[in-house]
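Enquirer: Residues per chain are reported as follows:
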Amino acid sequence: MKILVAVKRVIDYNVQVRVKEDGTGVVTENVKMSTNPPDDNAVEEAVKIKEAGKSNEVIAVTIGEEKAQETVRKALAVGADRGIHVKAEGVLEPLAVSKLLQKVVEKEKPDLVFMGKQAIDDDCNQTGQMLSSLLNWPQATFASKIDIKDGKLEVVREVDEGLETIEINIPAIVTCDLRLNEPRYASLPNIMKAKKKPIDQLNASDLGIDLAPRIAQIKVEEPPKRKAGIKVSSVAELVQKLKNEAKVI
Amino acid sequence: MARESMEYDVVIVGGGPSGLSTAIKLKQIDPNLNICLLEKASEIGAHILSGNVFETRALDELIPNWRELNAPIKTKVKKEKFLFLGKTKSLSWPTWLLPSVQQNHKNYIISLANLCRWLGEQAEALGVEIFPGFPASEILYKEDGSVRGVATQDMGIDKDGNQKDSYEPGIDLIGKVTVFAEGCRGHLGKQLIKKFELDKGKDPQQYGIGFKEIWEINEKKHEEGLVMHTAGWPLDNNTYGGSFIYHAENKQVFLGYVIGLDYKNPHLSPFDEFQRFKTHPKIKNIIEGGKRISYGARALIEGGLQSLPKMYMPGALLIGCDAGTLNMPKIKGSHTAMKSGMIAAETINHYLKDGKDLSLYDNLFRESWLHKELYKARNVKPSFSWGLILGIIFTGIDQILFRGKFPFTLRHKHADHETLRPSNEMPKINYPKPDNIITFDKTSSVYLTGTNHAENQPVHLKLKDPELPIKYTLEKYDEPAQKYCPAGVYEVQNENGKNKFVINSQNCIHCKTCDIKEPSQNIIWVTPEGGGGPKYGNM
Chain A
48 MKILVAVKRV IDYNVQVRVK EDGTGVVTEN VKMSTNPPDD NAVEEAVKIK EAGKSNEVIA
108 VTIGEEKAQE TVRKALAVGA DRGIHVKAEG VLEPLAVSKL LQKVVEKEKP DLVFMGKQAI
168 DDDCNQTGQM LSSLLNWPQA TFASKIDIKD GKLEVVREVD EGLETIEINI PAIVTCDLRL
228 NEPRYASLPN IMKAKKKPID QLNASDLGID LAPRIAQIKV EEPPKRKAGI KVSSVAELVQ
288 KLKNEAKVI
Chain B
2 MARESMEYDV VIVGGGPSGL STAIKLKQID PNLNICLLEK ASEIGAHILS GNVFETRALD
62 ELIPNWRELN APIKTKVKKE KFLFLGKTKS LSWPTWLLPS VQQNHKNYII SLANLCRWLG
122 EQAEALGVEI FPGFPASEIL YKEDGSVRGV ATQDMGIDKD GNQKDSYEPG IDLIGKVTVF
182 AEGCRGHLGK QLIKKFELDK GKDPQQYGIG FKEIWEINEK KHEEGLVMHT AGWPLDNNTY
242 GGSFIYHAEN KQVFLGYVIG LDYKNPHLSP FDEFQRFKTH PKIKNIIEGG KRISYGARAL
302 IEGGLQSLPK MYMPGALLIG CDAGTLNMPK IKGSHTAMKS GMIAAETINH YLKDGKDLSL
362 YDNLFRESWL HKELYKARNV KPSFSWGLIL GIIFTGIDQI LFRGKFPFTL RHKHADHETL
422 RPSNEMPKIN YPKPDNIITF DKTSSVYLTG TNHAENQPVH LKLKDPELPI KYTLEKYDEP
482 AQKYCPAGVY EVQNENGKNK FVINSQNCIH CKTCDIKEPS QNIIWVTPEG GGGPKYGNM
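These protein sequence lines map, in sequence, to chains A and B.
Okay, so the first sequence: first residue is 48 according to our numbering, each after it adds one.
Okay, so the second sequence: first residue is 2 according to our numbering, each after it adds one.
This is chain B alone, in the form it adopts within the complex (with noise of 0.2 Å):
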């Protein structure tokens, strides 16, 4: 049965800071351009968890009265720490020794969520047709190979693929120009690198898994405008990662961890060391006495330049961290996402008008502070491949002696799915329960992040290979998958004595990490039914 279709201008793909800048930047350039926004999440914002320490340099750019305009920027940092923490010791380090990437002085303390849900309205108040519940399933090509644009997904599928009752198809979005913004490892944007090569020549892209629990916490402890990170345990020298604590508004902490996807132990659990983390004397007196209110974690981009592939390809256009704009040693990545999705409304309305190719795209970033900012940026995270305490020592001497300008790039050497050791090389590592106070279990955590997907549809985690996991996996690398997934998602089960890989694809919060961690790129992570995932309130 031929789908029904429907043109537009431009079709862009996710609704997150760099998709929504998009659109805002073509209203603001042409108000007769017809943009339409797909948004996989129940509405803008659910599916969007972020730290967030902001920098406002995009946004003024493209609201320069976001103020007046009353955004949800409100919470200046006020005071910055740094502490590398031993187990039960810690070290604050100057912030004046810090590189100045990392001083946040003129940065506000926001939830990324709520500033999405802002800038929908923005957009939509300038005419752009925003869609939440439709995720883009397909991508559609034209005969000469093109991005043509992209189909929805069906709905009302069950479990075995058959029409249910409430069945109705999917439809296909015609763009001239069609943008993804779909995030880190968008499931299109993976298709679209490999069809087109859009990562030839370039280092395979880095990935960290991020946590965040927001927790309202005792009234004197509560320090509004103050950011803080740390380094160090629960981590060893060997894993990349740390941890964030932001003092926001309304007595609310955000408090998160980041592990780089490049660790090497299969029994590491990136959750459990967050759990962990939260009970070092340090941390544990911030939130003590406090109620944890939101859990959610999403995996995100670490590359950078080394790894950001080409951005453009016929038709269509691929931006913020479903390319992968982030800028690892500042730790943000929402300005820089928006900054990548202006370049592009900018180069859609000259390819538009004037007939020039998409591949503007790559001479006006090269132009833009968005390229200095990233090449400054890129041997930070390569650097701490040698370990925690060199990769400190070269970044003192990059970013504050050379700031950023060392005449050399450090590569990428490995993919994140190619780093694991079998697990029998590996030491085990002995998680403490949860208290259920302070640290708590995933079922719990899960619960707290709303997601849902609607029952009897199909899984939407694909197994290439159905007997690899008890097969392979499990043998070499006792299944990580059931240690990465922060939602609980993977099983191994045993029945009568058989073990079986089970899948509670209900409890996804669209991370992604199992499509990027999978020692043998086993799993296929697409979108499920609309509307199904987490629902974040303010993350």
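Only chain A is shown next, with the shape it has when bound in the complex (with noise of 0.2 Å):
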């Protein structure tokens, strides 16, 4: 079985997110980047799958500008066998992103394809579903567990009023969520491994997709400022101020 795992570069989680002063967008430069936290998780969830006997090949892709190679070594540094950047310069919505990996599964012709259930910088939680959608595939996202079973997949799914068990055939895509596991660390003589895979390029450009934006963004700017909280002395000032000056009672 050959799972293709799906990865995306993003501004690290640790990092206080800038707005532009034009609100065109926000920072990038000279901010720590690093692939998509869940994503890490699917990773981490097909190496599993691989060193468990039930997977041959695990293949990540990423598509972006040249400096999203970085994700992709990373992830063969945890296991991964071979990588595929897709080179793609600006903003790719999810749909064209979606396309783009449709051309690359149609092309590797994986059993599974899994990403992170969304991207911690856009927060869309819409490619897998796209490619669910293009490729006609069944789909089971926000997996928290996932289980091969007699040549289909079980997976427990994190929902709002709890765990939701379902069995999908294979092929499939998996959106993971980040209790499916704890990644794990690469460890240096394997980056140093990772640094001999083989990453093959791809033009965007090349695939015959239109990737014009289809949203036009109008603004980006921050949230309205906190104010500072008071401290009252009693319950009943409390009251008293939560009727007549916040007037939510």
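Think of the hints as simulated: they come from the structure by calculation, not from any bench.
Note that the structure is predicted; figures quoted are calculated from it, not measured.
We put the beta carbon where it would ideally sit given N, CA and C, even for glycine.
Wrong hints could be hidden among the right ones.
[Said to hold, decoys possible] EDC-like, lysine to aspartate or glutamate: derived pairs with alpha carbons at most 20 Å apart:
id, chain 1, residue 1, chain 2, residue 2
1, A, Lys67, B, Glu125
2, A, Lys243, A, Glu68
3, B, Lys434, B, Glu289
4, A, Lys243, B, Glu217
5, B, Lys222, A, Glu104
6, B, Lys107, B, Glu224
[Claimed, not checked] To give an idea of the chain B side of the interface with chain A (calculated C-beta under 7 Å), a few residues:
id, residue
7, Phe132
8, Met156
9, Glu347
10, His351
11, Leu449
12, Gly451
13, His454
14, Asn457
15, Val460
16, Gly538
Make one complex out of these two single chains by using the hints.
Expert: So this is what it looks like as structure tokens:
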């Protein structure tokens, strides 16, 4: 079984994101970038399945500028076998990304496609679902447990009401939750070995897909600053303030 | 369990200006050398913090075509100011009356973090193996006592020392030579200095704590290329320190403050002095209407030549500010660190090829401009132990009239942890509350550093005696860790009438001040799990 894992390069989750002064987006210069955290879980799960002898190849794919390759390198360092880098500049919306992934799937013919449930930069949570629709494959989103059983996939999903267990056919798309596993650290010797693993380069513009954004972004602004809180001395004062000042009760 | 090991010709610990310069120079001399460089930050540059007005002398020698290679060195110094601050007044000092070492018209305003990222790229292009996110946590020795290499930190250990599912053992990196370039107060460098008595016959090392904020300011107030320094308020005559205000590119201003860690009053809070400094009308005027976008702090070396330890030992070299090559009167340590790294590369080359002893380092160092520079600078910092005014007068005579050639050398008498006076003998200081426009508290500042340490790992700030902070240090010095730590790591909390010493190690920004200033040397800074610590951008 072949598993394709999609990884995205985003602003590191520890970095405080800053909005550009002209409101056209967020500042990415001089900012530490990393792999989208749930994508790390997706890679880890694929590698675990391989280590359990249930998969024979894990391929990591990323779409983006030159430096996006670092995310593939990282996946290779924790156990993926080879990588694909689809070179693209500028903003790509989930529809364009899923169409590009569709092309990669058609070429590589994997049995499973894993990715994070959403990217922490745009929080869209759409790419997996769109890809499933484009390929007409079943999907399991927000996965926190994955079992391969008799050629089918049993997936536990993190849903609002609790946990939902579903069974789907293979081939399938799975989007991964942070609760799925604890991603491993890349060891130094494995980072060395990863440098020698192959990464295929493709150009997004050669794949015959209209990459133009469908959504016009009007403005990006920071959320309003929270006002400082106050201390009240009694319950009565709290109730009085909630009633008369905050007007919430 | 035996750890895996990897062998290299040269193992370098630390991806700052000195370590990267060693790596690059070695590869230029001999492309066939196998070199690996370890860096504890998640990427090269993420733990680098510096002013920085950059003198290109060392870089001109190392990579003469740095301009063509698009080095991030763009903003030439165009104008300079030096101000003495009173509480509300200021006195401008004519720059022609400044010693030549403090004149910057040939220099550039840069981000040292970005320069290191660029140097990292140059090194990788030459074939240096760079491993960010891997702290060297332990020194390995041969049976004869010489340095054999270093071990990287085990990853995936929980707070009680047990292995987690993600456990990944560290590995031994063996080098024919190991180069320690951890920066000021490196935790392995400290061990080497002790073991090999590298500081024998030297004065105690002197340190400072430096703060830096990056502000995006109003276009009308921004003068790209303007370099400004101040002395005086808010510090008193007996506390060594001063500020820098550098107008960099993109409407940014690098604003910072340095305070000597030989201060005496345990109530003094370097962080709050820096915040208060910004309320001076001259300074406030620059940043008012602007926005603070970065914050950070780091200890720096101020001891100079008198305190510089021997930089070679069997199997290893100690370079840059891991030893202490900063030039204090110049307020610059980047070009000196780079040069010390380049000398290391030449030494190693002769050691590997011609069987020369590593003590060759000392000869090459003494013949270099680096030694001349540090010799000339040596009397400035100690003269300030007489106070700001006498210090300035002496420095004027020493640097302008005698050009650093006085036939005597002033000594540093005390280590910084010995200088605190008991808290009941010293005046309390009331710092104004932050207004969240110009001045801020530690919590919101630390947030900007992006610092983080994976949860559930051993505390990397070790106490030799866990009882001491409450039993002794609180009583005698009012536990100054609460004040000198720029990241709010240390707190004394009162629970049911009982005092408790709390270490919020997640907040640590790896400045090393606690390891230096703790009066009983009771706090030991060790490396946390790889990739932890701040995520500085263009600091």
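Enquirer: If you check each hint against the structure, which ones fail?
Expert: Hints 1, 2, 4, 5, 9, 10, 13, 14 and 15 contradicted; others consistent.
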